[in-house]
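Number of protein chains: 2
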Amino acid sequence: MTTIQFQVSGMTCGHCEMSVREEVQEVPGVTGVEVSHQTGELTVASAEPVDEAAVVAAVEEAGYQAARSA
Amino acid sequence: MTTIQFQVSGMTCGHCEMSVREEVQEVPGVTGVEVSHQTGELTVASAEPVDEAAVVAAVEEAGYQAARSA
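Those sequence lines, one after another, are chains A and B. Residue 12 in the numbering used here sits at position 12 of the first sequence, with consecutive numbering throughout. Converting from the second sequence to the numbering used here requires adding 70 to each position, the first position being numbered 1.
To be clear, the hints were calculated from the coordinates, so they are not data collected in a lab. Check each hint, because a few of them may be wrong.
One side only, chain B facing chain A, incomplete, derived with CB under 10 Å [unchecked claim]:
{"id": "1", "residue": "Gly80"}
{"id": "2", "residue": "Met81"}
{"id": "3", "residue": "Cys83"}
{"id": "4", "residue": "Gly84"}
{"id": "5", "residue": "Cys86"}
{"id": "6", "residue": "Ser89"}
Some residues of chain B that are not near chain A, with every Cβ distance over 12 Å (derived) [as the list claims (entries may be wrong)]:
{"id": "7", "residue": "Ile74"}
{"id": "8", "residue": "Gln75"}
{"id": "9", "residue": "Gln77"}
{"id": "10", "residue": "Val100"}
{"id": "11", "residue": "Thr101"}
{"id": "12", "residue": "Ser106"}
{"id": "13", "residue": "Thr109"}
{"id": "14", "residue": "Gly110"}
{"id": "15", "residue": "Thr113"}
{"id": "16", "residue": "Asp121"}
{"id": "17", "residue": "Glu130"}
{"id": "18", "residue": "Glu131"}
{"id": "19", "residue": "Gln135"}
{"id": "20", "residue": "Ala137"}
{"id": "21", "residue": "Arg138"}
{"id": "22", "residue": "Ser139"}
The beta-carbon is built from N, C-alpha and C at its ideal position, and this holds for glycine as well.
Whole structure, please, built from the sequences with the hints as guidance.
So this is what it looks like as C-alpha cells:
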C-alpha cells in the first residue's frame, strides 16, 4: 500500500471533510481516505500509486483546493 | 404568512446551512426557511405560527444551537 498526503484549504467543518472524502474515494485505485478540516491534512491510500492530479481535481470538485504535501 | 427569526450558533459553511434547512423544513407548518452561516440568522416562514420549540429541536437535530431572536 502507498499513501500520499495533500494539504487542503477551505474546509471548515465535518461536512466539508465528508464532501472531500466522497469525491476522493471515487478516484480510481483509492482504497482509503483520511481528512481533517482542523489540520487540512488529506491522506490517500492505494495499492498502486494514484494519479495525483485526479486527487487534486476531486478535491476541487468538492469545492476546495489541494496541494501535494508529502 | 408569519415569520420568526432565530440566532443559530455553530454553523461554519454552506453545508451547515443545508443541514439546518433540511431539518427545519420538516417542522410541521413551515413553508420557507432562510439561513446564513455568516450571520447565524435563521428565518422561518409559515402560514400559521409554528411551534418554536420544534424549530429549536430541529436545529439541534442538525447539530447546532438556536435561540429565538425576533
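Inset, instruction - Hints the structure violates: just list their numbers, smallest first. - result: Hint check: nothing fails, all pass.
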